[in-house]
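J.: Offset between the sequence shown (1-based) and the numbering used here: plus 2.
No wet-lab data here; the hints were simulated from the structure.
All values derive from a computational prediction rather than experimental measurement.
Just so you know, not all the hints are guaranteed correct.
Computed spacing ranges between beta-carbons, pair by pair [to be verified]:
#, residue 1, residue 2, range
1, Q139, S109, 30 to 40 Å
2, A128, F44, 25 to 35 Å
3, P18, G42, 14 to 24 Å
For every residue, glycine included, the Cβ atom is placed at its ideal position computed from N, Cα and C.
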Amino acid sequence: MDNQADAPGVDGMVVPPGGGRAFRFGPNRLTVKVGPEAKGQFGVIESVIPPSGGPALHRHQRYDEAFYVLEGPIEYRVGERWVTATAGTFVFAPAGSAHGFRNGGASDARHLVIAAPVEALDMIEAASSVAPDQIVQTFARYDTELVDAGTASAATELSGTCPCAR
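Please put together the full structure from these sequences, using the hints given.
T.: The structure is reproduced here in structure tokens:
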């Protein structure tokens, strides 16, 4: 991370507001708050999702993901169920479950993404730096798949380069 307060210490770490490693995944703005360099069992990303933003339906075989809504509403799909979540809502997607989310509102939404194990964050950063036609292969390296990988728009939708309907 680019902030000295982000370096893990013997007694833990503190990441101040605005701290962390920032990057984009399509239109979504992500900031790693706790990443692999902290040598923990989980990682945390703060994600700002613009209207119509969010990833396509996908499945991680080895990673659990949890979401805590800071500003919403955000629509989540876990398995076959869609739920609309507002600030203070917690959503859990265990490894192997199909999931996705989208901002159906008119303004930016924010949530925390908590991933375990922490290596899941490597996957997100790796996928953010490749062309849409390379996302499926990048995800495969991390035992993650697009649920709708047979459609031409799935990888583009995942990268957030189009506001595709889900």
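J.: All hints are to be evaluated individually against the structure, with a verdict given for each.
T.: Hints, one by one, checked against the model:
1. Q139 with S109: 30 to 40 Å: The hinted range 30 to 40 Å holds for Q139 and S109, with Cβ atoms some 34 Å apart.
2. A128 with F44: 25 to 35 Å: The hint (25 to 35 Å, Cβ to Cβ) is violated, given that A128 and F44 are roughly 18 Å apart.
3. P18 with G42: 14 to 24 Å: Given a distance of about 18 Å, which is inside 14 to 24 Å, the answer is holds.
Hint compliance for this structure: hint 2 is the single one not met.
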